[in-house]
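Fit the two chains together into the complex; they arrive one by one in their own frames, and the hints show the way.
Just so you know, the protein sequences line up as chains X and Z, in that order. Residue numbers for the first sequence follow our numbering, so the first one is 1 and each next one is one higher. Residue numbers for the second sequence follow our numbering, so the first one is 1 and each next one is one higher.
Just so you know, not all the hints are guaranteed correct.
Lysine-lysine pairs mimicking BS3-like chemistry, simulated, CA-CA at most 30 Å apart [as the list claims (entries may be wrong)]:
#	chain 1	residue 1	chain 2	residue 2
1	X	12	X	101
2	X	101	Z	170
3	X	101	Z	168
4	Z	69	Z	32
Label-pair distances were calculated between CB atoms; the ranges are [what the hints assert, rightly or not]:
#	chain 1	residue 1	chain 2	residue 2	range
5	X	152	Z	172	44 to 52 Å
6	X	152	Z	67	21 to 29 Å
7	X	72	Z	191	25 to 33 Å
None of these hints come from the bench; they were simulated from the model. Glycine included, each C-beta is placed from N, C-alpha and C at the ideal position.
Each chain is listed here by its residues.
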Amino acid sequence: MNLLVLYLLLLKATLTSVSGLGSLPMVRQDFVVTRHVITDHQLNTAVVAGRTGPGPYGIYLVCVAYAVAGIPGALVGFLATITPAFLVIPLMHWVGAHANKPRVRGAVQALMLASAGLLLFASVPLARDAIVGPLTLVLAAISFVVISFTRAESMWVMFAAAAVGLVARLFVA
Amino acid sequence: MILTRAAKQGCLRLELKLPPDDSTSPQPVLAKPTLSQITWPFFRIGNTTFGGGYITMIVLGRELVDRLKWITRDDFALAFALARVTPGTNIIAFCAAAGMILRGFVGAVSAVVAVTLPSAALAVVLMQSFETWQNRPLVMAALAATVAAVTGAMWSTVWMLTRPHIGKWKQTLRAVVFMAGACGAAWWGVTPVPIIVGALVLGYLWPTPAFEKEAE
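This is chain Z alone, in the form it adopts within the complex (with noise of 0.2 Å):
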């Protein structure tokens, strides 16, 4: 299997944070699931769980490998690694490499559709809802309300993404460079793609600091 052989390589960081493995002997795993079983869980867990990808995927991760031990702990390790790098939502992703462990190409489109045509349909709902109300003063004031702490939701995401890069001065200068970068082009008048691939190639030419000295 592609994702077990990528992990005996160990080409990836794994960040992982799932309950320890208390086991020293290697994980058994339960025979292939069909595709309607493998479906199950990722509709049920992805349209069920609130808070956003990383809790659905560490969920999802109690369920798969834990609970119903399809897959084992370095397969779900690899394939949140690498939804972590792969362009758009990282649960997609996520659910798009763990169906693909489990069922191949099939398994991977029925996992994502699972996950998010039902949620979907209801944020289409709820948007439908939003404007048909919009005449209302107290409707509106509620959605007024939310949508400013949707604003603090889009700071914190920026958080999110940021905190990682702080620590010793010469990665926090980095985190800076690139932020204030992508920041001051937009205001210029950039557009996002060329601000994106310019960071791209900057910051294969300005490894950070801690990989400078892995690399040695």
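So here's chain X without its partners, still in its complex pose (with noise of 0.2 Å):
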């Protein structure tokens, strides 16, 4: 894929979300659904790889970007998943004006609300790759509780899962 490109697809999917996985739907439409660049299960290692290390977890972009063309995409991903973040300095400027408004606000919270429901939609497909049995249901629902309901942090959860899915093949073997 030609890096412009890549770039391009991977701006936009950054400029129409507002959290690090938000842009996750707009990511698998463009690389797995329409181009078919990439697969589900690479997009799914991506995700496991930005959410394993420190950082931010919109970081999973530039491995998606390393996945469709190496290292030069891996850095065409790094400057895209950058490029918004500087949209903050002419907020600076504009938000004094406008952000208390409630008609602003509001459009605000709708972008988020819209941006919940696109992920958990984009979750189905990527769902169905990653829970394959009983083991993987109950990895899931435990990540979900233990992350939305307590201070744990998620990489704990992450790791604490491969210790899981090692033992679990360990025993089977």
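If you want it as structure tokens, here you go:
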């Protein structure tokens, strides 16, 4: 894939989201569904890589770009990930005049809710790829509960899940 | 300074959970740090703090406001609030705003790169490792279990985005309408961009009940 196209597609995904994983539906639509340049499994692996290490969750986009176009792709993905952040600078000027208006705040909240709905929808095929038996179903449910309702860091949840997977594999073998 | 001026105008509802400020006098801010000085805390904290952007922003806030005293509590609060409405990843926008306060545009670039570049490189190494080891059954078993946990983490993100909008019935109804509308439109094959734009327009036309009350 052309690196400029890759950059623009990733930029579109980041510009239309307001959280690290909020870009996931757009990324899946463009790279998995429309262009078939990565699979759901690769997308899942990219999200795992992004969430396992430190730093922003949005870094998974660099892994997606790496899966598409190697190291040059990763560099392009890095640029696409950080570009929207600089919108905060003009926003500082604009916000002074408009951010307190109820309708503007209502629009921002609606954006977040729609992002949540899209993320929920995008999680269905990814879950279909990830949940392949009772063990993975239980792990997904426990992960949701622990991350949502406790202060546990998601990295430890990922490591614990990996350990359970290893033990289960050894036990079955 | 732009941020301080905007903060004084009281133009944002600040949602900040820093430790309480015991002092009643204005917080003193020390001399402007150099570029290399400001890069270090962003590099150190951004690449060693696990748990996502919100936690990293709080830890950075403690460092920049309470320990180093480079920025005021008001500046931090405004950067935090703006980061939440800036497209993309919140923590990266927060770093751009904080870096802008400290050293202008060069400071913003420096802070953003310091926070993201090392963790991006590590993520690529992890991705490559997963790909390389995909034929090893034990590694794949661990990866499959981790991918299942990531699915739970995704649902957790949905919950995190939704939870603040669930309360009184009008507010909850609004949340359900927007979420279900987005899901339904996606199910009917509408791509995300029109859904996002539609949500922005409808959200503008239909403010939340709490906001309507404030406007009165």
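To see whether the hints hold, each was checked on the structure:
For the suggested pair residue 12 of chain X and residue 101 of chain X, the alpha carbons sit about 27 Å apart, so the restraint of at most 30 Å is met. Straight-line distance between C-alpha atoms of residue 101 of chain X and residue 170 of chain Z comes to about 20 Å, which keeps the hinted pair within the 30 Å bound. Between residue 101 of chain X and residue 168 of chain Z, the direct Cα distance comes to roughly 21 Å. Compliance with the 30 Å bound is thereby established for this hinted pair. With a C-alpha separation of about 10 Å, the suggested pair residue 69 of chain Z and residue 32 of chain Z falls inside the 30 Å cut-off, and the hint holds.
The hint said 44 to 52 Å for the Cβ distance between residue 152 of chain X and residue 172 of chain Z, and at roughly 27 Å that hint is violated. At roughly 26 Å, the beta-carbon separation of residue 152 of chain X and residue 67 of chain Z lies within the given 21 to 29 Å, and the hint holds. At roughly 27 Å, the beta-carbon separation of residue 72 of chain X and residue 191 of chain Z lies within the given 25 to 33 Å, and the hint holds.
Checked against the numbered hints above, the structure violates only hint 5.
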